[in-house]
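Whenever a hint applies, use it, and build me the whole structure from the sequences.
Each chain, letter by letter, is given below.
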Amino acid sequence: MTDWIDRRLKFLFLAPAMMALIALTAFPTVYMFTAAFVKFDPSAPLNSKFVGIDNFLRLFSDDKFHNALINTAVFSTVAVTLEFVLGLSFALLVDTYIRRANFIKTLLILPMMMPTIVVAIVWKLMYQPQFGVINDIFSDLGLPPLLWAASVNTAMLSIIIVDIWEWTPFIFLMCLAGLSSLPQEPFEAAELDGASAFQKFRDLTLPFLKPVIVVTLLLRIMDAFRLFDQVFILTVGGPAGATETLSFYLYKVTFRFFDIGYAAVISLFMMFVALQISGWMLKRTSLDEG
Amino acid sequence: MVGVSLRHVYKRFGELAVVDDVNLEVADQEFLVLLGPSGCGKTTTMRIIAGLETASSGDVYIGGRRVNDLLPRHRDVAMVFQSYALYPHMTVFENLGYPLRIRSVPAEERRKQVIDAARRVNIEELLDRLPKQLSGGQRQRVALGRALIRRPNLFLMDEPLSNLDAKLRVQMRGELKHLQHALKTTTIYVTHDQIEAMTLATRVAVMNKGVMQQLATPKEIYDNPANLFVAGFIGSPSMNFLQGGVANGVFESKGARITGLQLRDARDATLGVRPEDLTVCGAQDGQIGGEVFSLELTGDSSLLNLQVEDTHVMARVDKDFTAEIGAKVWLKANPSRCFLFDTRTEARIA
Amino acid sequence: MAETTLQQSAFTEARLRQFWIKAKGWIALAVIAVALVQAIFPIVWLGLNSLKNRLEMFARPPIWFTMTVTNENYVATFVERPFLTYMWNSLAVAACSTFFAMLIGVPAGYALTRFDFGKAKRHIAFWILSTRMMPPIVTVIPIYLLFSYVGLLDTKTSLVIAYTTFNLPFVVWMMKSYLADIPKDLEESAMVDGDTHTGAFWRVILPLAKPGLAATAIFCLIQSWNELLFALILTETTNANTLPIGIAGRVTQYKTEWGEIAAAGFAGCLPIIVFAFIVQKHLVRGLSFGAVKG
Numbered sequence: 001m002t003d004w005i006d007r008r009l010k011f012l013f014l015a016p017a018m019m020a021l022i023a024l025t026a027f028p029t030v031y032m033f034t035a036a037f038v039k040f041d042p043s044a045p046l047n048s049k050f051v052g053i054d055n056f057l058r059l060f061s062d063d064k065f066h067n068a069l070i071n072t073a074v075f076s077t078v079a080v081t082l083e084f085v086l087g088l089s090f091a092l093l094v095d096t097y098i099r100r101a102n103f104i105k106t107l108l109i110l111p112m113m114m115p116t117i118v119v120a121i122v123w124k125l126m127y128q129p130q131f132g133v134i135n136d137i138f139s140d141l142g143l144p145p146l147l148w149a150a151s152v153n154t155a156m157l158s159i160i161i162v163d164i165w166e167w168t169p170f171i172f173l174m175c176l177a178g179l180s181s182l183p184q185e186p187f188e189a190a191e192l193d194g195a196s197a198f199q200k201f202r203d204l205t206l207p208f209l210k211p212v213i214v215v216t217l218l219l220r221i222m223d224a225f226r227l228f229d230q231v232f233i234l235t236v237g238g239p240a241g242a243t244e245t246l247s248f249y250l251y252k253v254t255f256r257f258f259d260i261g262y263a264a265v266i267s268l269f270m271m272f273v274a275l276q277i278s279g280w281m282l283k284r285t286s287l288d289e290g
Numbered sequence: 001m002v003g004v005s006l007r008h009v010y011k012r013f014g015e016l017a018v019v020d021d022v023n024l025e026v027a028d029q030e031f032l033v034l035l036g037p038s039g040c041g042k043t044t045t046m047r048i049i050a051g052l053e054t055a056s057s058g059d060v061y062i063g064g065r066r067v068n069d070l071l072p073r074h075r076d077v078a079m080v081f082q083s084y085a086l087y088p089h090m091t092v093f094e095n096l097g098y099p100l101r102i103r104s105v106p107a108e109e110r111r112k113q114v115i116d117a118a119r120r121v122n123i124e125e126l127l128d129r130l131p132k133q134l135s136g137g138q139r140q141r142v143a144l145g146r147a148l149i150r151r152p153n154l155f156l157m158d159e160p161l162s163n164l165d166a167k168l169r170v171q172m173r174g175e176l177k178h179l180q181h182a183l184k185t186t187t188i189y190v191t192h193d194q195i196e197a198m199t200l201a202t203r204v205a206v207m208n209k210g211v212m213q214q215l216a217t218p219k220e221i222y223d224n225p226a227n228l229f230v231a232g233f234i235g236s237p238s239m240n241f242l243q244g245g246v247a248n249g250v251f252e253s254k255g256a257r258i259t260g261l262q263l264r265d266a267r268d269a270t271l272g273v274r275p276e277d278l279t280v281c282g283a284q285d286g287q288i289g290g291e292v293f294s295l296e297l298t299g300d301s302s303l304l305n306l307q308v309e310d311t312h313v314m315a316r317v318d319k320d321f322t323a324e325i326g327a328k329v330w331l332k333a334n335p336s337r338c339f340l341f342d343t344r345t346e347a348r349i350a
Numbered sequence: 001m002a003e004t005t006l007q008q009s010a011f012t013e014a015r016l017r018q019f020w021i022k023a024k025g026w027i028a029l030a031v032i033a034v035a036l037v038q039a040i041f042p043i044v045w046l047g048l049n050s051l052k053n054r055l056e057m058f059a060r061p062p063i064w065f066t067m068t069v070t071n072e073n074y075v076a077t078f079v080e081r082p083f084l085t086y087m088w089n090s091l092a093v094a095a096c097s098t099f100f101a102m103l104i105g106v107p108a109g110y111a112l113t114r115f116d117f118g119k120a121k122r123h124i125a126f127w128i129l130s131t132r133m134m135p136p137i138v139t140v141i142p143i144y145l146l147f148s149y150v151g152l153l154d155t156k157t158s159l160v161i162a163y164t165t166f167n168l169p170f171v172v173w174m175m176k177s178y179l180a181d182i183p184k185d186l187e188e189s190a191m192v193d194g195d196t197h198t199g200a201f202w203r204v205i206l207p208l209a210k211p212g213l214a215a216t217a218i219f220c221l222i223q224s225w226n227e228l229l230f231a232l233i234l235t236e237t238t239n240a241n242t243l244p245i246g247i248a249g250r251v252t253q254y255k256t257e258w259g260e261i262a263a264a265g266f267a268g269c270l271p272i273i274v275f276a277f278i279v280q281k282h283l284v285r286g287l288s289f290g291a292v293k294g
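Residue numbers (our numbering), protein chains in the order written: chain B, 1 to 290; chain F, 1 to 350; chain E, 1 to 294.
Don't read these hints as lab results, they were simulated from the structure.
All figures in this text were calculated on a predicted structure; none of them were measured in a lab.
Accuracy of the hints is not assured; some may be wrong.
Stated by the list, open to error - Pairwise CB distance ranges, derived in the manner of DEER restraints:
no., chain 1, residue 1, chain 2, residue 2, range
1, B, L182, F, I325, 43 to 51 Å
2, E, H123, F, I115, 46 to 54 Å
3, E, P207, B, R8, 23 to 31 Å
4, F, E124, E, P207, 19 to 27 Å
Claimed, not checked - The calculated lysine to any residue pairs, modelled on SDA-like cross-linking and capped at a C-alpha distance of 20 Å, are:
no., chain 1, residue 1, chain 2, residue 2
5, B, K252, E, I245
6, E, K184, B, R7
7, E, K184, B, D6
8, B, K10, F, L71
9, E, K22, E, A33
10, E, K121, B, I22
11, E, K22, B, S196
12, E, K22, B, L93
13, F, K254, F, A283
14, F, K132, E, I205
15, E, K281, B, T106
16, B, K252, B, D62
Here a beta-carbon is modelled for each residue, glycine too, at the ideal position from N, C-alpha and C.
So, in structure tokens, the structure goes:
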């Protein structure tokens, strides 16, 4: 009996996971594909009309969708770049001094471990134009108070700042881990060869860190693309759509307008992008070679 | 107390045959060494016998029983891995006892057998330690002990000595030989070290690129290599090879002329002669002439490296022999100790 | 003379370097201090505010540290609303989904690293990865409909099922890396010694994978505890409402009672903070491992 199991271990071990994933991803995908072609009428749910590719075409003419796309792109690029520059720089600076300090590292991990709702609440509190602590500090320093999340101009910036607060430590710690695993000897050889600090950084550190950087980068881009919780609580997509990301727009289409068909199309679009990024990620990580 | 039989065993990965038509008959209580360079298929062959790999085709018999479809745990084989494969989270005692524990041997009996096996390999004081607290040699003994404890029908050893330093290796070699003799268990041993093969084996199977080159006793392999590969692989320092041709019993190549050969004619022939079968002589008897490239004193003798035209010839000379680098030296060879191989097929022709 | 100039400049460079190394030490210290402060500040601020009464919160000029430590906010949170129930729900759901995800995911990760699946492996790996990458909002409606159909709405079970599928790809991916690090020799040795493959997995491989198992489980627990969207959509009453819902509920009301919100928020993140410190060793190790192995 146990032999029977042993011979089929390959499948028995993998099958439950596969089945679970298939069960819960197959249905949504199929649903999405069928729903994309109908116009859903909330008052008469069973009378959805088949509208062909109308929903798809709408993507091209829908300004709000374009707005969401731009917002998401802007947010992803700016936030991730800044997080990276800050995280990597600090990691390089602090590398040798922080090797063993678990306590400090744990404190630094806290921002990314907070429930996003708590993060959103805290920053909402701090961003309050009248009595928020940030404007208090600003006026103490002689700087003019800003409207932060309440103003079209600064809303996106506010969200970006929150994301940076949450995730820079993560990048910092990942880069730190990567740095601490660098082999010593190539650096010693380079030193004897006469390489300057900058040259060693450019020709040795960066190439060695490349795998870590790529993985972290892709993870962050993926998360930035999916941004929802903070927008939902902090700015509710506003003001005036200034922080409406793709995920949030999809939420509105689904739960405010009940336009399930169009929502399905947007979903398909997002799935497509997610798959592309997954593909890149797979190429870069050990998952590929198994 | 069984024999092992491999008949027309192949192991293919795609197009590549890693084990290529291997036929092997191992007798009961024999110590068979699979010898060859890395990648020659010796380890794969052994893993097929163990059941860790399945043969693409061919039959494997252990003790007269066909075992192709049998899982490793039913074959009653014990294996010592190159990396020792000690379970890092268990103590030495638990490591040794593991094979018994999974056979539900009661604790008291298990304890007796563990201590007995530990005594046999001299590790009684280490029973409470973890593998990471042991030296290389100690770990090797634990691996050995774990293999012994079941008193299996067959021992398989995958380069067990290669991770030890030279001195320890020599010592363990002796102990292994002694142990095998005492236990009278059939053993199949894989190595790339020809000295280990020559000293431990009752018979040696030389493999290259998945193909078995020769299966014979160590002495036979040394005195009568079947082809160029075997001749060159066995012997340290290795055999000298000169490419040329034979006409009328005389071998001619660049810088060498050897008379008195059995074989009359051979168009493209490679002559092989071992360093210990070459002697320094005067120019008139000289058959091989060249300039001294280096001279190394190895304790009880010296190794003379002679540059002959565009090749090097090594000769074992007396320890008191001296010569300047670049000086001209003549060697002569004993014709009955020369081997001739067809340059193209590498088969032995004389 | 040229020689001496060369030597001199080499010496000055050496001295400059020493100075720079010392300066770097101080700068690094400053950087770490700033990083720590900015990381903790919002959380601490939240905690402080939760103890203020209404007057203090809106006082002008602003009061930083509370003079009157009041518990009215916490009373409102825990007594007037079933906050503890929400916490319990979160805990139960997080624990169960982590358990199931590990139960199914660890063997899967092991299979992917030890067995040969040929070309299929790449596809399987891609698919598992992309499941993890999917924006949750995309799958919400279908999942909602599915659970509605089988009558599982507003139950903890629905959340457990949903979170298990979120955690599963993560578990498979992480454990694959961890398990790949354990040499194959060990289970082969166990199998030749007479154990079954399953037995070898249980007795030899898993004990050695404990650090990886711990780190993965911890991250799963945290992710489940924090999840908002699906909890929002799939639950309605105290039957299954989780902690984030409890907190969110307060914000989306008309009257934003900041004090109570602060209390709820702080109470919600306190367990995480405590938990993080208890398991900090595993946490940091898990993060570092992810960095090095991708």
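Tested hints:
Against the hinted window of 43 to 51 Å, the Cβ-Cβ separation of L182(B) and I325(F) comes to about 45 Å, which satisfies the hint. At roughly 52 Å, the beta carbons of H123(E) and I115(F) sit within the given window of 46 to 54 Å. The hinted window of 23 to 31 Å between P207(E) and R8(B) holds, with their beta carbons roughly 24 Å apart. For E124(F) and P207(E), the Cβ-Cβ distance of about 26 Å falls inside the hinted range of 19 to 27 Å, so the restraint holds.
Annotation: proposed proximity of K252(B) to I245(E) holds, straight-line Cα distance about 19 Å (limit 20 Å). With a CA separation close to 17 Å, the supplied pair K184(E) and R7(B) stays within the 20 Å bound. Distance check on the hinted pair: K184(E) and D6(B) sit about 16 Å apart at the alpha-carbon level, within 20 Å; holds. Distance hint between K10(B) and L71(F) is fulfilled; the C-alpha atoms sit about 15 Å from each other, no more than 20 Å.
At most 20 Å may separate the alpha-carbon atoms for a hinted pair to count; K22(E) and A33(E) meet this at roughly 17 Å. At most 20 Å may separate the alpha-carbon atoms for a hinted pair to count; K121(E) and I22(B) meet this at roughly 16 Å. At roughly 18 Å between alpha-carbon atoms, K22(E) and S196(B) fall within 20 Å of each other, so this suggested pair holds. With a CA separation close to 12 Å, the supplied pair K22(E) and L93(B) stays within the 20 Å bound.
Straight-line distance between C-alpha atoms of K254(F) and A283(F) comes to about 16 Å, which keeps the hinted pair within the 20 Å bound. For the hint pairing K132(F) with I205(E), the CA-to-CA distance comes to about 17 Å; that is within 20 Å, so the pair holds. With a C-alpha separation of about 9 Å, the suggested pairing of K281(E) with T106(B) holds against the 20 Å cut-off. Between the alpha carbons of K252(B) and D62(B) the distance comes to roughly 14 Å, so the proposed pair stays at or under 20 Å and holds.
Violation of the numbered hints given earlier is absent; every hint is satisfied by the structure.
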